[in-house]
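Student: Given next are the chains, with one letter for each unit.
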Amino acid sequence: MTFSPELEARFEKLLTSYPPGRQRSALIPMLLYAQDEVGSVSDEVIDEVARRIGVTPLQVNEVLSYYTMLHRKPMGKYHVQVCTNISCLLNGGDKLWEHVCKRLDLGNKEVTEDGQISIEEVECMGACSWAPAIQVNYDFHHFVTPEKLDEILDGLRKKQ
Amino acid sequence: MADLVNLTIDGKAVQAAPGTLVIDAAKTVGVEIPAFCYYEGLSLQAACRMCLVEVEKMPKLMTACTLPVAEGMVVRTETPQVAAARKYMLEFLLTNHPLDCPVCDKGGECELQDMTFRYGIGESRFTDEKAHTPEKQFSPVVFYDAPRCILCYRCVRICNEGLGVGALGVINRGVVSEIAPNKGDHLECDECGACIDICPVGALTSGIYRYKTRPWEMTHVGTVCTHCADGCKTTLGTRNDRILRGNNRDSSGVSDGFLCIKGRYAFDFYDHPERLTTPLARKNGKLEEVSWAEALEITARKFRENLDARGAFGVIGSNHTTNEENYYLQKFARQVLGTNHIDHHRTGDVVALFDALGEGGSAGREKLATVADLYKLKAVLILGADLALEHPLLSFQVRANYRHHRAHIYAVTPGSVREDKYSAMSIRVGAPAGSAGSGPRWEPVSGSGSADGDPSGFYHPRNAEVSTADYFAALEHLRDKLKAEPELVILFDDSFQGNDVRRLVEFGNSLGIPVRWVCLVDYSNSRGALDMGIAPELLPGYEPSGQPGMRLHEMLAAPLGALWVVGANPYEPAPGGTSPERRAGFLVVQDMFLTETARLADVVLPAASSYEKNGTFTNVTGELQRLKRAVNVMGTKPDLEIIGFIAREMGAAAALGPWAPDAVFEEIRKNVRGYDVPAPVIASGGAAQTAPLNGRIAVEAAPGLVRSEHNGLFASGTLGRYSRVLNSVLESRVGR
Numbered sequence: 001m002t003f004s005p006e007l008e009a010r011f012e013k014l015l016t017s018y019p020p021g022r023q024r025s026a027l028i029p030m031l032l033y034a035q036d037e038v039g040s041v042s043d044e045v046i047d048e049v050a051r052r053i054g055v056t057p058l059q060v061n062e063v064l065s066y067y068t069m070l071h072r073k074p075m076g077k078y079h080v081q082v083c084t085n086i087s088c089l090l091n092g093g094d095k096l097w098e099h100v101c102k103r104l105d106l107g108n109k110e111v112t113e114d115g116q117i118s119i120e121e122v123e124c125m126g127a128c129s130w131a132p133a134i135q136v137n138y139d140f141h142h143f144v145t146p147e148k149l150d151e152i153l154d155g156l157r158k159k160q
Numbered sequence: 001m002a003d004l005v006n007l008t009i010d011g012k013a014v015q016a017a018p019g020t021l022v023i024d025a026a027k028t029v030g031v032e033i034p035a036f037c038y039y040e041g042l043s044l045q046a047a048c049r050m051c052l053v054e055v056e057k058m059p060k061l062m063t064a065c066t067l068p069v070a071e072g073m074v075v076r077t078e079t080p081q082v083a084a085a086r087k088y089m090l091e092f093l094l095t096n097h098p099l100d101c102p103v104c105d106k107g108g109e110c111e112l113q114d115m116t117f118r119y120g121i122g123e124s125r126f127t128d129e130k131a132h133t134p135e136k137q138f139s140p141v142v143f144y145d146a147p148r149c150i151l152c153y154r155c156v157r158i159c160n161e162g163l164g165v166g167a168l169g170v171i172n173r174g175v176v177s178e179i180a181p182n183k184g185d186h187l188e189c190d191e192c193g194a195c196i197d198i199c200p201v202g203a204l205t206s207g208i209y210r211y212k213t214r215p216w217e218m219t220h221v222g223t224v225c226t227h228c229a230d231g232c233k234t235t236l237g238t239r240n241d242r243i244l245r246g247n248n249r250d251s252s253g254v255s256d257g258f259l260c261i262k263g264r265y266a267f268d269f270y271d272h273p274e275r276l277t278t279p280l281a282r283k284n285g286k287l288e289e290v291s292w293a294e295a296l297e298i299t300a301r302k303f304r305e306n307l308d309a310r311g312a313f314g315v316i317g318s319n320h321t322t323n324e325e326n327y328y329l330q331k332f333a334r335q336v337l338g339t340n341h342i343d344h345h346r347t348g349d350v351v352a353l354f355d356a357l358g359e360g361g362s363a364g365r366e367k368l369a370t371v372a373d374l375y376k377l378k379a380v381l382i383l384g385a386d387l388a389l390e391h392p393l394l395s396f397q398v399r400a401n402y403r404h405h406r407a408h409i410y411a412v413t414p415g416s417v418r419e420d421k422y423s424a425m426s427i428r429v430g431a432p433a434g435s436a437g438s439g440p441r442w443e444p445v446s447g448s449g450s451a452d453g454d455p456s457g458f459y460h461p462r463n464a465e466v467s468t469a470d471y472f473a474a475l476e477h478l479r480d481k482l483k484a485e486p487e488l489v490i491l492f493d494d495s496f497q498g499n500d501v502r503r504l505v506e507f508g509n510s511l512g513i514p515v516r517w518v519c520l521v522d523y524s525n526s527r528g529a530l531d532m533g534i535a536p537e538l539l540p541g542y543e544p545s546g547q548p549g550m551r552l553h554e555m556l557a558a559p560l561g562a563l564w565v566v567g568a569n570p571y572e573p574a575p576g577g578t579s580p581e582r583r584a585g586f587l588v589v590q591d592m593f594l595t596e597t598a599r600l601a602d603v604v605l606p607a608a609s610s611y612e613k614n615g616t617f618t619n620v621t622g623e624l625q626r627l628k629r630a631v632n633v634m635g636t637k638p639d640l641e642i643i644g645f646i647a648r649e650m651g652a653a654a655a656l657g658p659w660a661p662d663a664v665f666e667e668i669r670k671n672v673r674g675y676d677v678p679a680p681v682i683a684s685g686g687a688a689q690t691a692p693l694n695g696r697i698a699v700e701a702a703p704g705l706v707r708s709e710h711n712g713l714f715a716s717g718t719l720g721r722y723s724r725v726l727n728s729v730l731e732s733r734v735g736r
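In order, the protein sequence lines correspond to chains A and B.
With the working numbering, the residue at position 128 of the first sequence is 128, and numbering never jumps.
With the working numbering, the residue at position 487 of the second sequence is 487, and numbering never jumps.
In short, the hints are calculated from the structure, not lab data.
Wrong hints could be hidden among the right ones.
Keeping only pairs whose Cα atoms sit at most 35 Å apart, straight-line, the calculated DSBU-like set for lysine-lysine is [unchecked claim]:
# : chain 1 : residue 1 : chain 2 : residue 2
1 : B       : Lys212    : B       : Lys183
2 : B       : Lys130    : A       : Lys95
3 : A       : Lys73     : B       : Lys183
4 : B       : Lys136    : A       : Lys109
5 : A       : Lys73     : B       : Lys136
6 : B       : Lys60     : B       : Lys87
Note that this is a predicted model, so its numbers are computed, not measured.
Take the sequences, apply the hints, and build the full model.
Tutor: Put into structure tokens, the structure is as follows:
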């Protein structure tokens with residue numbers, strides 16, 4: 001399996017970022033970058049990453065299944081992550097989560113039929129000072145209210 | 001040696017070497033610290049938290065299994081805080097544990113039961129319904145019950161580190177974590193079952209044993225595995241004359257608990273529907289069932305007639321009958337039948353090795369490696385064999401040696417082998433199939449073993465075009481590296497025969513370092529057959545017979561008056577060929593099954609398997625161990641008894657002496673060179689190395705007669721055909 005030249009270059013650099021014999025340390029970043037490009041961590045991605053860092057596909061799967069931000073199935077083009085951890089919860093994060101589920105008629109880690117939007121209930125993402133917070137792909141949105149969430153979702157729809 | 005560290009555990013003064021773990025140091029003063037995940041010889045995990053102890057000046061409880069001793073350390077293992085920690089850990093472990101102990105295979109020998117009994121809390125504060133997931137079948141032999149699992153990682157580590165396979169892992173997180181196999185929903189591995197034996201609870205269970213019995217209803221018989229030549233001790237759990245399981249409960253002998261699929265599960269040939277349980281005699285051209293008395297009478301009468309007519313006798317012995325049987329058989333052949341036409345299928349050129357090594361006495365003892373040496377010595381050189389698949393115990397020892405002592409491993413083989421992954425250097429010898437022309441026929445490869453847990457990828461040496469010149473060229477390449485080693489074990493297979501073995505020994509001697517040798521052979525008592533003189537040129541103990549005698553293939557081709565085959569299948573057709581034609585006038589066969597040879601016989605005598613008799617086996621490294629009868633199969637008799645009965649029927653019993661295994665063993669101990677092993681060691685289930693070396697062996701070499709079958713993990717000669725578990729594993733792979 002080959003990746004884009006940019007990703008190949010990134011992998012190349014990653015593999016030299018660790019002491020000799022510790023190439024397996026590149027596992028998580030490689031999976032994340034590959035997921036961004038391929039859309040999910042497919043079987044092919046697992047085998048390829050395993051081969052490149054010299055571990056078994058099972059060992060990749062052990063790590064992969066531990067971390068929730070690594071997905072075996074493709075998420076939507078816009079992956080909306082709602083924090084319901086303690087600070088956000090106290091400021092209405094749970095209401096946001098209920099709202100987004102109802103509005104899109106989706107459950108955790110489900111994708112809209114057109115494949116555009118997916119939602120996920122996540123743990124703390126370090127934005128407690130601006131709780132409640134959500135994250136759309138890699139973009140943060142702070143002090144989110146149900147109304148503001150609707151605006152964000154409408155905005156995503158327009159962007160399509 | 002560094003100074004010992006002084007510490008106190010539960011008020012007792014302890015001295016331990018630096019680096020010793022507190023859990024091990026505690027054992028030396030009789031303090032037991034409970035643990036699930038800690039397992040001697042495997043990497044540390046600190047997953048179960050059962051071994052928490054209090055250490056003075058440390059703010060929190062510490063895991064004794066990862067804490068090295070330190071000067072002045074004060075450890076307490078029986079404080080209220082430690083007792084409470086243990087209680088809560090067990091309460092957590094039992095949160096979702098189903099408590100189906102009354103039907104669980106492990107009930108009665110479960111570490112979680114024992115720990116709960118000793119350290120548990122009695123009642124749980126969890127009132128929610130227990131989470132349940134259905135059990136999964138990973139392979140024909142491995143089942144997994146996730147709710148019972150306590151995630152100690154023992155199975156993961158034994159598979160990855162011990163076996164070098166790495167077929168098990170832990171996926172997911174927290175309460176939904178579970179053990180997962182390497183190929184999605186199923187395992188592709190050695191199917192050795194080490195994960196099942198090492199599981200402290202009933203999470204991993206075996207397809208052969210599950211739901212068969214309660215452990216305490218069984219009798220446990222420690223005996224020697226009947227399959228390959230490594231001689232692992234297997235403990236057969238029996239009930240009502242049925243074998244229900246094999247495991248490593250008795251860890252005495254050479255193997256120290258190691259078993260592969262054959263030792264653990266492939267006992268199931270013993271009750272195969274095709275097992276012979278009645279003697280057969282040829283009447284009007286057909287084999288018919290007859291009584292033992294009649295079968296023995298016919299055999300003795302025909303033998304007597306042949307003797308009187310001065311007809312020739314041929315005797316073919318076995319690679320998997322006991323030393324006692326082999327010894328008695330050759331004595332019978334030589335003394336009663338007056339023949340020197342006696343041989344067996346040879347699978348390694350042991351004679352050439354002993355001849356080349358020459359020396360006897362204590363110097364000779366130093367030349368032959370034991371199974372333990374493969375774990376202890378600083379360097380190991382493997383020539384030819386795919387050790388992980390053909391000699392699983394030896395491979396396990398070599399791997400452990402690398403893991404624990406960083407031993408240097410060298411592998412010179414035609415195909416890729418598991419040792420490549422950690423070898424100091426691996427070399428591929430021979431020409432790839434179909435390629436022609438000149439150029440070097442060996443090539444160093446490094447660290448990319450392709451045999452990563454896929455035994456179906458077995459590269460059979462017979463598919464390779466390798467000459468010994470290729471091996472010697474590769475050895476020259478290794479010479480300087482090997483010279484720099486402090487000591488070396490060399491293992492070689494049937495790629496080396498006759499003068500090539502002598503040349504190999506010269507190479508070893510020229511290195512100028514102490515070298516110990518292992519000549520690889522195939523079956524459970526291949527070494528014993530040679531040691532006991534089942535060869536025309538040799539008497540027991542490698543004494544030249546000085547008499548002419550036919551070899552195995554000559555006997556098959558000669559019009560002998562009578563041919564007697566004990567536990568062998570010489571008429572087995574060559575792969576893709578046909579059986580040799582029967583030439584002998586009278587053919588009597590002792591076997592467990594109606595093999596190609598038995599089908600041609602005039603009299604077939606149903607023999608007991610090695611799990612149904614007493615006696616001794618000599619393994620590939622010449623170590624002697626004792627067999628103990630586990631079950632009886634109605635209608636069969638041990639070969640020794642059959643041979644004895646034939647002797648009695650012929651009126652020759654008095655000359656041959658008693659045919660009780662113990663009596664014959666005593667005779668062997670007294671008469672066979674190198675077999676004067678300490679009787680108590682053998683009687684108590686231990687292993688003692690025989691010392692057969694005693695100068696040159698003046699016999700004519702017969703190269704080309706030695707042929708190893710190179711059985712992989714799921715094959716075991718003729719016997720393997722009758723094992724359902726071996727066949728089911730093979731079928732499960734073909735089906736994919």
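Student: Hint by hint, which ones does this structure get wrong, listed from lowest number up?
Tutor: none
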